[in-house]
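Enquirer: Chain by chain, the residues run as shown.
There are 2 protein chains.
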Amino acid sequence: MTTITQMASTSAIDIPHTNASVYRGKTIEQKANRSVQRIRDTKYRHVFATHSSTRTSCLSQDTESSPSFVGFRNLMILVLIISNLRLMMVNLQKYGVLICLSCHDYRRSDVITGLLLYLLVPAHLFVTYSIELAAAWQANRAYKRILKERERDDDTPAKYAAALRSFNSTWYIVAFFHSVNAVANLYIATRYVYYDIHHPGIGTLCELHAVIVFLKCASYALTNRDLRHAYLHPKQADPLPQLYKTCPYPLNINMKNLCYFWWAPTLVYQPVYPRTDKIRWPFVFRCLVELAGLSIVIWIASAQYAAPLLQNSLDKMLTLNFTSIAERVMKLSTISVFCWLCGFFALFQSALNALAEVMRFGDREFYGDWWNVSSIRTYWTTWNKPVTNFMRRHIYSPLVGRGCPPALAQILVFLFSGILHELLVGVPTHNIIGVAFAGMMFQIPMIALTDVIQKVKWIQGKVAGNMIFWVSFCLVGQPLAALLYFFAWQAKYGSVSKQFQESPAMNIFHRR
Amino acid sequence: MTTITQMASTSAIDIPHTNASVYRGKTIEQKANRSVQRIRDTKYRHVFATHSSTRTSCLSQDTESSPSFVGFRNLMILVLIISNLRLMMVNLQKYGVLICLSCHDYRRSDVITGLLLYLLVPAHLFVTYSIELAAAWQANRAYKRILKERERDDDTPAKYAAALRSFNSTWYIVAFFHSVNAVANLYIATRYVYYDIHHPGIGTLCELHAVIVFLKCASYALTNRDLRHAYLHPKQADPLPQLYKTCPYPLNINMKNLCYFWWAPTLVYQPVYPRTDKIRWPFVFRCLVELAGLSIVIWIASAQYAAPLLQNSLDKMLTLNFTSIAERVMKLSTISVFCWLCGFFALFQSALNALAEVMRFGDREFYGDWWNVSSIRTYWTTWNKPVTNFMRRHIYSPLVGRGCPPALAQILVFLFSGILHELLVGVPTHNIIGVAFAGMMFQIPMIALTDVIQKVKWIQGKVAGNMIFWVSFCLVGQPLAALLYFFAWQAKYGSVSKQFQESPAMNIFHRR
Numbered sequence: 001m002t003t004i005t006q007m008a009s010t011s012a013i014d015i016p017h018t019n020a021s022v023y024r025g026k027t028i029e030q031k032a033n034r035s036v037q038r039i040r041d042t043k044y045r046h047v048f049a050t051h052s053s054t055r056t057s058c059l060s061q062d063t064e065s066s067p068s069f070v071g072f073r074n075l076m077i078l079v080l081i082i083s084n085l086r087l088m089m090v091n092l093q094k095y096g097v098l099i100c101l102s103c104h105d106y107r108r109s110d111v112i113t114g115l116l117l118y119l120l121v122p123a124h125l126f127v128t129y130s131i132e133l134a135a136a137w138q139a140n141r142a143y144k145r146i147l148k149e150r151e152r153d154d155d156t157p158a159k160y161a162a163a164l165r166s167f168n169s170t171w172y173i174v175a176f177f178h179s180v181n182a183v184a185n186l187y188i189a190t191r192y193v194y195y196d197i198h199h200p201g202i203g204t205l206c207e208l209h210a211v212i213v214f215l216k217c218a219s220y221a222l223t224n225r226d227l228r229h230a231y232l233h234p235k236q237a238d239p240l241p242q243l244y245k246t247c248p249y250p251l252n253i254n255m256k257n258l259c260y261f262w263w264a265p266t267l268v269y270q271p272v273y274p275r276t277d278k279i280r281w282p283f284v285f286r287c288l289v290e291l292a293g294l295s296i297v298i299w300i301a302s303a304q305y306a307a308p309l310l311q312n313s314l315d316k317m318l319t320l321n322f323t324s325i326a327e328r329v330m331k332l333s334t335i336s337v338f339c340w341l342c343g344f345f346a347l348f349q350s351a352l353n354a355l356a357e358v359m360r361f362g363d364r365e366f367y368g369d370w371w372n373v374s375s376i377r378t379y380w381t382t383w384n385k386p387v388t389n390f391m392r393r394h395i396y397s398p399l400v401g402r403g404c405p406p407a408l409a410q411i412l413v414f415l416f417s418g419i420l421h422e423l424l425v426g427v428p429t430h431n432i433i434g435v436a437f438a439g440m441m442f443q444i445p446m447i448a449l450t451d452v453i454q455k456v457k458w459i460q461g462k463v464a465g466n467m468i469f470w471v472s473f474c475l476v477g478q479p480l481a482a483l484l485y486f487f488a489w490q491a492k493y494g495s496v497s498k499q500f501q502e503s504p505a506m507n508i509f510h511r512r
Numbered sequence: 001m002t003t004i005t006q007m008a009s010t011s012a013i014d015i016p017h018t019n020a021s022v023y024r025g026k027t028i029e030q031k032a033n034r035s036v037q038r039i040r041d042t043k044y045r046h047v048f049a050t051h052s053s054t055r056t057s058c059l060s061q062d063t064e065s066s067p068s069f070v071g072f073r074n075l076m077i078l079v080l081i082i083s084n085l086r087l088m089m090v091n092l093q094k095y096g097v098l099i100c101l102s103c104h105d106y107r108r109s110d111v112i113t114g115l116l117l118y119l120l121v122p123a124h125l126f127v128t129y130s131i132e133l134a135a136a137w138q139a140n141r142a143y144k145r146i147l148k149e150r151e152r153d154d155d156t157p158a159k160y161a162a163a164l165r166s167f168n169s170t171w172y173i174v175a176f177f178h179s180v181n182a183v184a185n186l187y188i189a190t191r192y193v194y195y196d197i198h199h200p201g202i203g204t205l206c207e208l209h210a211v212i213v214f215l216k217c218a219s220y221a222l223t224n225r226d227l228r229h230a231y232l233h234p235k236q237a238d239p240l241p242q243l244y245k246t247c248p249y250p251l252n253i254n255m256k257n258l259c260y261f262w263w264a265p266t267l268v269y270q271p272v273y274p275r276t277d278k279i280r281w282p283f284v285f286r287c288l289v290e291l292a293g294l295s296i297v298i299w300i301a302s303a304q305y306a307a308p309l310l311q312n313s314l315d316k317m318l319t320l321n322f323t324s325i326a327e328r329v330m331k332l333s334t335i336s337v338f339c340w341l342c343g344f345f346a347l348f349q350s351a352l353n354a355l356a357e358v359m360r361f362g363d364r365e366f367y368g369d370w371w372n373v374s375s376i377r378t379y380w381t382t383w384n385k386p387v388t389n390f391m392r393r394h395i396y397s398p399l400v401g402r403g404c405p406p407a408l409a410q411i412l413v414f415l416f417s418g419i420l421h422e423l424l425v426g427v428p429t430h431n432i433i434g435v436a437f438a439g440m441m442f443q444i445p446m447i448a449l450t451d452v453i454q455k456v457k458w459i460q461g462k463v464a465g466n467m468i469f470w471v472s473f474c475l476v477g478q479p480l481a482a483l484l485y486f487f488a489w490q491a492k493y494g495s496v497s498k499q500f501q502e503s504p505a506m507n508i509f510h511r512r
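Listed in order, the protein sequences are those of chains P and U. The first sequence begins at 1 in UniProt numbering and counts up one residue at a time. The second sequence begins at 1 in UniProt numbering and counts up one residue at a time.
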């Protein structure tokens, strides 16, 4: 018996796992061969101790090191792809192909009005320019008078006070003309879009164009006002940005400078912008290809998937069946977030970059990484930098500078932004129902909420804040707003607008 | 004019972004206050250079540093949750509640046969024990004879050869009885399950129990064969594992040792196992709660979601409409992978850990992190360690040890595993159609494929391999196999098995 216990006391037979994944590089085959050799050298193959030590399961709570879960991320991506592919197949079986190149659902008069607006709206920018030209002429005269008086050593405080009074009274006149011009621009465009352009797509484009020109006019007027003040009060003035040195007031009030600002991808006027050295045409070409491709994708997604979905939702909205409305909103959310992401990339990355490249406009920060935001506040300051820059420079900063509390200034910015959103959505759909405005106002409590939540550590505040952002904005806010405006549209025009009824999509709904 | 250019040459006005997210900790308010103060100290608020430098968009290809995309991961999780919640709502609207506590769809005789099998199958383990007891008695006698001959210094090679011959002839007899016993176990269980147990669930449990006892019998016989050989040939023998020292052959052939192996969560016999010091009853309790909870979840998921889906797919299978079959398989894949994950956790984490804790069984490595595998080979060696350990110790190693090429040995292991899979799926569903077997055989080319792919660097081989694993196994293999066996079941029994028809689920399908 002793011999056996002696035998057993020598080292355990260790047959390594032949798991191929643990071997790397050149030695895989060598190692495998060695492992096979070791098995062959062993006399007893049925006795080695498989269970040789105490170990925990890797998913147990008492395990030392948690395993990686990267595989589940891959599974998640696959499930997403497969479930959406399935929905596309179901959609195709149910409705057939709804995309139709030759079906127009817009009126001839819509296109003509739209083109006229497209040509006439920029005229207001030239009116702004004329006003500034007159103001610059007046300032030039005042400047020469000041210089002359300085030569005569008549540099008394009383004279300065008179100059300031003169500047202010001129500014009131200039500001009045600017306001009339800018408001007229917005009013005329809105009036024509609301009453004369039936098609919501064309209407949105016209209204967007008018709003952009409105903001550019405002920025041009306000910036030149400060520049003129600095020009006339060189002693009191704050230093101006280094960048503007190459084009001082009033030299910047010229046609070329205005036209650059007209086409530059920004809403904020600067006499001088950072510029690139040359136009990279291959870059422009790639951007345009992206833009075209994404536009087609969005068109297919909305015609084939979003349109039937919105139509299907109508009767559910009418019966006020909340479970069904929730179900429709959920289904709409995926397609809406998809279109939103495509649209964002097409507009803010491809289109603006192509335009900036052609204009040799240097600052391409049209957006930040808004998809990672943990606070809704950060979302609104990063997703649309051109508008954020405008709001910060021409509304927030002046308000705060005049003593307005920052919180109130932010609320006023959202109020202004809410009005613009309602103009952009309500006017082209001919339903100023205030949902877009209310949506913007709703951001204020959401900002307060996520500002607090993102700082809570024990619930992973950053992730929670990001989730709240996605839920509130892309998964609830957008599809719900789309449903409400679509419902309002249908309530006003029925499903019976003549052109729309003739489209194959409508035939299917009538057959249902 | 000079004064202005001098002015402009001083430093640019820098109004910082009031973006709250860039401020951290206590100083948030201080910094915000300072920023407000700076705005108020500035005279001109409409002129600061928003565009002060050349910057790229963060999604452009020419950007220096790519932004994080963690927000899109969160969006993906949300879309997954929302789309599945939506499917649950649609299912509930379409079918109502299909879960029913009082509806039995199994026969009384099924339960009785099942219980009888549950009690009788372990008897084969005791037959194995009896055979080993006899063999140990015979070995003990032989050992004493050897000792006596050694005392008489009659230690010649001829004597040893005789002893080996005697050992081998005894082993042939022992092996014959073991084989008869083990095959009889499998045959009896399979016969009763196939002919007498209609309900596939009860049938699967019985068949699984029989297969486990079959493997335990085989491991007990084979391990003790090697231990006996080492006992009788102390000079030629390889050293035995250190762990077995406390219980040398033939002391391990006793009732208590066998009963421990009977209940231990392993298929591999060792005279001694690593043990824990005490039973942590709270741990056992938590495992049992998990097991119960997950069982309920799986039951709900299969009754409410999988069963109607499988029923819906029947007519699509009949018409051989491949697009529709693909659509059904895709829809089934999500629910099937969900049930699979729940079932895996319930069985391999909760149930086996609870059993191991009660048995004070130390080695809890019942599975590895198979969800991260980049090769299908690794999947099969990590997801089910008890079976892998059995295969490695009692099939692969002996085959390789006897000179069989490793690749052939692996194929033989899959062949054996394929037969067991077909037994476990085909027999309880009364359709030995070979899909499970073919599925296992199909793993061999898949292993060869992913072994190559995971090493390809330029397509991120690891991720690609993991994706192939998920697609082939959980998203195609499983739902397709489930559909085929369900279809074969329905083809054999129609949708008209009496009990099933009476269940509320069936009424809905008949109403359709």
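Accuracy of the hints is not assured; some may be wrong.
If several chains are the same, the list does not tell them apart, and a pair holds so long as it fits within one copy or across any two.
Derived SDA-like pairs (lysine to any residue); straight-line CA-CA distance at most 20 Å [as the list claims (entries may be wrong)]:
1) Lys492 / Ala481
2) Lys278 / Asp62
3) Lys457 / Cys58
4) Lys94 / Ile77
5) Lys256 / Asp62
6) Lys148 / Tyr192
7) Lys245 / Arg40
Since the hints were made in silico from the structure, they are not lab data.
Enquirer: None of the hints should be skipped; say for each whether it holds.
Expert: Structure-based check of each hint:
Taking the closest pair of Cα atoms, Lys492 and Ala481 come within 20 Å of each other only inside a single copy of the chain (16 Å); across copies the shortest separation is 52 Å, beyond that limit. For the identical chains of this complex, Lys278 and Asp62 are inter-copy neighbours only, at 15 Å across copies versus 62 Å inside a copy, given an alpha-carbon limit of 20 Å. When the C-alpha separation of Lys457 and Cys58 is checked against a cutoff of 20 Å, the pair qualifies neither within a copy, at 26 Å, nor between copies, at 28 Å. For the homomeric pair Lys94 and Ile77, neither the shortest alpha-carbon distance inside one copy (26 Å) nor that between copies (28 Å) is at most 20 Å.
In this homomeric assembly, Lys256 and Asp62 never come within 20 Å of each other (Cα to Cα): the closest approach is 72 Å inside a single copy and 30 Å across copies. Neither within a single protomer nor between protomers do Lys148 and Tyr192 lie at most 20 Å apart by alpha-carbon distance, with minima of 51 Å and 118 Å respectively. Proximity of Lys245 to Arg40 under the C-alpha cut-off of 20 Å is found in neither arrangement, the shortest distances being 85 Å within a copy and 24 Å between copies.
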